[in-house]
Every structure is written in structure tokens, then in C-alpha cells.
Amino acid sequence: MKFISFGSGSSGNCYYLSTGSDAVLIDVGVGIRLLKRHCIQYGVSLASVNNILLTHDHADHIKSVGSISSHYNIPVYATELVHEGVVHNPGVRKKIDPALKRVVEKGKALQIGEFNVTPFGVPHDSTDNVGYVIGACGVTFSIITDCGHLTDDMQQVIHDSDYLVIEANHDLEMLNYGPYSAYLKARISSPRGHLSNEDCGNAIAAYASSRLRHVWLCHLSEHNNNPRVAFNTVDDILQANGINVGKDLELTVLNRKIPTGIFEL
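My numbering numbers the first residue of the sequence shown as 3 and each following residue consecutively.
Because the hints were derived from the structure by calculation, they are not lab data.
Quantities reported herein were computed from a predicted structural model and do not represent experimental measurements.
The beta-carbon is built from N, C-alpha and C at its ideal position, and this holds for glycine as well.
Worth double-checking, as some hints may not be accurate.
[To be verified] Listed below are the simulated BS3-like cross-link pairs for lysine-lysine, each with C-alpha atoms no more than 27 Å apart in a straight line:
(1) 103 <-> 4
(2) 97 <-> 110
(3) 97 <-> 108
(4) 96 <-> 38
(5) 38 <-> 259
(6) 4 <-> 38
(7) 249 <-> 103
(8) 110 <-> 4
(9) 4 <-> 187
(10) 96 <-> 249
[Claimed, not checked] Quick list of the computed label-pair ranges, beta carbon to beta carbon:
(11) 44 <-> 83: 30 to 38 Å
(12) 83 <-> 212: 31 to 39 Å
(13) 237 <-> 92: 36 to 44 Å
(14) 228 <-> 115: 22 to 30 Å
(15) 96 <-> 238: 42 to 50 Å
(16) 90 <-> 249: 45 to 53 Å
(17) 183 <-> 92: 19 to 27 Å
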């Protein structure tokens with residue numbers, strides 16, 4: 003399986019998974035023209051994407067889903083509440099064609115092309131939010147983004163993953179002393195907000211098994227975090243818990259606007 007992050011953060015989120023003969027996008031929050039340029043750069047054809055999975059209905063995850071799905075006739079999978087949120091979100095100018103709408107249920111596995119997909123609930127202040135456990139090519143890839151706190155289900159997801167994309171949104175000190183309003187700071191740090199670097203590192207240290215090979219830190223805040231701080235915080239926590247980055251697992255910070263290149267899973 004191959005993995006690419008085309009963008010990770012409030013400027014736009016979009017992730018690509020491919021088995022070589024089938025491909026999915028997880029969220030489509032980057033512009034369609036930019037996404038096409040990225041695909042050309044990496045030799046990826048959007049016409050090869052057979053399905054789209056949505057986590058939730060905030061614009062930085064869905065703004066181009068109607069355009070991409072309609073242009074390439076791609077079905078879009080999301081919970082019923084997320085689909086409703088897309089309809090009512092003014093940031094999505096082109097809505098999803100009803101004929102391309104597909105509904106998923108939390109905890110219910112389904113086969114989507116060559117991928118076995120299980121959605122699970124993720125607490126966030128959106129209409130609804132899910133992460134996905136995706137199995138293909140003998141490996142398990144999971145994504146947890148825009149997450150206020152860790153649930154029992156997510157603990158199990160981390161434990162069962164070979165590859166994991168997980169949010170490390172903010173550094174607590176940078177958030178507390180940064181430029182955001184008191185309301186926004188409280189929202190971000192609430193149980194329905196975003197995971198801090200510390201939350202992320204502690205979650206991996208507590209629940210990862212020896213099968214976890216690679217972790218990608220996603221959805222870093224532009225003003226309350228930076229890649230070096232996120233990496234070092236998570237690395238320090240893992241090292242303190244006997245997990246050696248570079249030996250026991252790989253750790254990568256996803257750039258907000260620049261694609262990662264292709265990871266072979």
C-alpha cells in the first residue's frame with residue numbers, strides 16, 4: 003500500500019491510499035486545481051481514485067469534495083450526519099451529487115473496493131466525526147484527526163495499527179501564551195477540540211503495540227505549534243517510555259501545505 007499526504011492542517015486536509023490497483027482519498031479539503039497539480043507531480047491519476055472517505059464536515063476537510071466527486075464520478079462515504087453537514091456548509095460550493103452519496107456507520111466494517119474499512123467515533127465540535135481503520139495488502143492503516151480526547155475505541159485502534167496518522171495539533175504553552183482569544187483557546191483544549199502534542203505522545207506510548215511501524219503527526223496548528231516542537235515532544239515521551247524512534251518505529255511530521263512524497267507501507 004502507498005500513502006501520500008497532500009495537505010494536513012486548517013489550510014486543507016487530504017490523504018491518499020493506494021494498493022496499486024485501487025485508491026481512496028480521505029478528506030478533500032484542498033483545492034481541486036492544487037490537488038491535480040500534486041497528483042501530476044507524483045504520477046498519481048485522480049481517475050484511479052475509486053472512492054472518497056470523509057472524517058467530518060469542517061471546510062478544511064471537505065471544501066472540494068463535491069467538485070472532485072462529480073468531476074470523476076467518485077462515490078463519497080461518510081456518516082449520515084456528516085453528509086447533512088456537507089449540505090449545510092457554505093464553504094462547500096459544489097455539493098455531493100445524491101447519486102454518489104454512501105453512508106457509513108460507526109463500528110460497522112464494510113468493503114470499499116480493495117479496502118476493508120471500519121469507521122469509529124472521534125469526539126470533535128463538528129456535526130459528527132469519525133476516524134477510519136483501513137485494511138489492505140496485509141497491513142492496517144488508521145487515521146485519528148480533529149480529536150478532543152481519546153476514547154476506549156481509539157485506544158484499541160492505536161493498539162491494532164501497523165501505520166497510524168494521529169493529530170498533534172498544538173503545544174500547550176504556545177497555545178496558552180499565543181494570540182488566540184480565551185474562547186478559542188478553550189475550544190481547542192476542550193474534550194471536543196484538538197489533541198495536544200503531549201496528548202498525542204502519551205496516547206502512542208500507552209496504547210501502541212510492537213506492530214506499529216510508522217506514525218505520522220497530522221493537523222499541526224499554524225500559530226500554536228511547529229514541526230520541530232511536535233516531533234521533539236512526542237519523541238521525548240516515547241523515549242521516556244522505552245520506545246526508540248528510528249528503531250522501534252518511524253515518526254514523521256506532516257506538513258500543512260506541502261505533500262509528503264510517497265510512503266511505501
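Now for the hints, and whether the structure bears them out:
For a cut-off of 27 Å, the pair hint linking residue 103 to residue 4 stands: about 26 Å separates their Cα positions. Restraint check for residue 97 and residue 110: satisfied, since their Cα atoms lie roughly 26 Å apart, inside the 27 Å limit. Between residue 97 and residue 108 the CA atoms are separated by roughly 23 Å; this keeps the pair inside 27 Å, and the hint holds. Restraint check for residue 96 and residue 38: the C-alpha separation of about 17 Å stays at or below 27 Å, so the hint holds.
At roughly 14 Å between alpha-carbon atoms, residue 38 and residue 259 fall within 27 Å of each other, so this suggested pair holds. Straight-line distance between C-alpha atoms of residue 4 and residue 38 comes to about 18 Å, which keeps the hinted pair within the 27 Å bound. Distance restraint check for residue 249 and residue 103: the Cα-Cα separation of roughly 43 Å exceeds the 27 Å cut-off, and the hinted pair is therefore not satisfied. A hinted pair counts as satisfied when its Cα atoms are at most 27 Å apart, and residue 110 with residue 4 qualifies at roughly 24 Å.
A C-alpha spacing of about 36 Å is found between residue 4 and residue 187, which places the hinted pair above 27 Å, so the restraint is violated. Distance restraint check for residue 96 and residue 249: the Cα-Cα separation of roughly 45 Å exceeds the 27 Å cut-off, and the hinted pair is therefore not satisfied. Evaluation of the 30 to 38 Å hint for residue 44 and residue 83 yields a pass: the beta carbon distance comes to about 33 Å. Range check, residue 83 to residue 212: Cβ separation about 36 Å, and the 31 to 39 Å hint holds.
Here the CB-CB span from residue 237 to residue 92 is close to 40 Å, well matched to the stated 36 to 44 Å. For the pair residue 228 and residue 115, the supplied restraint of 22 to 30 Å is violated, since their beta-carbon distance comes to about 37 Å. A beta carbon spacing of about 44 Å between residue 96 and residue 238 agrees with the range 42 to 50 Å that was offered as a hint. Checked against the given bound of 45 to 53 Å, the beta carbons of residue 90 and residue 249, roughly 48 Å apart, stay inside it.
One distance hint, 19 to 27 Å for the beta-carbon pair residue 183 and residue 92, holds here, with the actual separation near 22 Å.
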